[in-house]
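> The task is simple: from the sequences and hints, build the whole structure.
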Amino acid sequence: MNTVELFKHRLALLAEINRLTDLKCTDDSAYRAVGIKLEENIIAIRALRIPSESPKPKPKVQPVKSKINEGKGEKMTNQLTVEAYKGMKAQGLTDSAIRKQIGIDNNKLYKFKQENGLIHAYDKPIKKEKVAPALRERG
Numbered sequence: 193m194n195t196v197e198l199f200k201h202r203l204a205l206l207a208e209i210n211r212l213t214d215l216k217c218t219d220d221s222a223y224r225a226v227g228i229k230l231e232e233n234i235i236a237i238r239a240l241r242i243p244s245e246s247p248k249p250k251p252k253v254q255p256v257k258s259k260i261n262e263g264k265g266e267k268m269t270n271q272l273t274v275e276a277y278k279g280m281k282a283q284g285l286t287d288s289a290i291r292k293q294i295g296i297d298n299n300k301l302y303k304f305k306q307e308n309g310l311i312h313a314y315d316k317p318i319k320k321e322k323v324a325p326a327l328r329e330r331g
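For any residue, its number in the numbering used here is found by taking its place in the sequence shown, counting from 1, and adding 192.
To be clear, the hints were calculated from the coordinates, so they are not data collected in a lab. Keep in mind that a hint or two might mislead.
[To be verified] Listed below are the simulated BS3-like cross-link pairs for lysine-lysine, each with C-alpha atoms no more than 27 Å apart in a straight line: (1) K303 with K281; (2) K281 with K305; (3) K250 with K305; (4) K305 with K292; (5) K292 with K303; (6) K292 with K281.
[As the list claims (entries may be wrong)] Here are the computed distance ranges between Cβ atoms for each label pair: (7) S221 with D287: 55 to 63 Å; (8) I311 with K229: 53 to 61 Å; (9) A282 with Q306: 19 to 27 Å; (10) E197 with D297: 53 to 61 Å; (11) L206 with D297: 54 to 62 Å; (12) K200 with G309: 54 to 62 Å; (13) V196 with N308: 15 to 23 Å; (14) R241 with K305: 35 to 43 Å; (15) R241 with D219: 30 to 38 Å; (16) I234 with K292: 38 to 46 Å; (17) K200 with G279: 14 to 22 Å.
For each residue, glycine too, the CB sits at the ideal point set by N, CA and C.
Structure representation (structure tokens):
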């Protein structure tokens, strides 16, 4: 059956329920029989709506791994760049998911966002690019 035939069948079943209501039918079995047929119809319509091809898997974001400085033997902090942050946000990750992947706390992420102009503090203006001042000419 195609979708049009299934919708016609659904309308016929709904008309049957209206007919039973107009006749003031007190028998529950008649309503149940129509209800079962209506549920089967709805399931069949939903089955036709499911896309035939499988959804494309989302690429997994690899967490930024901390590196060990070979010369000093110290563990370096995880590096987060503005491009990496915007890429993670474009994939639909929330800040809490980004924090878990990178391994930083909320305060450090908030400070990173403030320093890079992703958000602004109310007491400080948004950070702008520094432009060398022009030299004045004496004339």
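> Are any of the numbered hints broken by this structure? If so, which, sorted upward?
13 and 17
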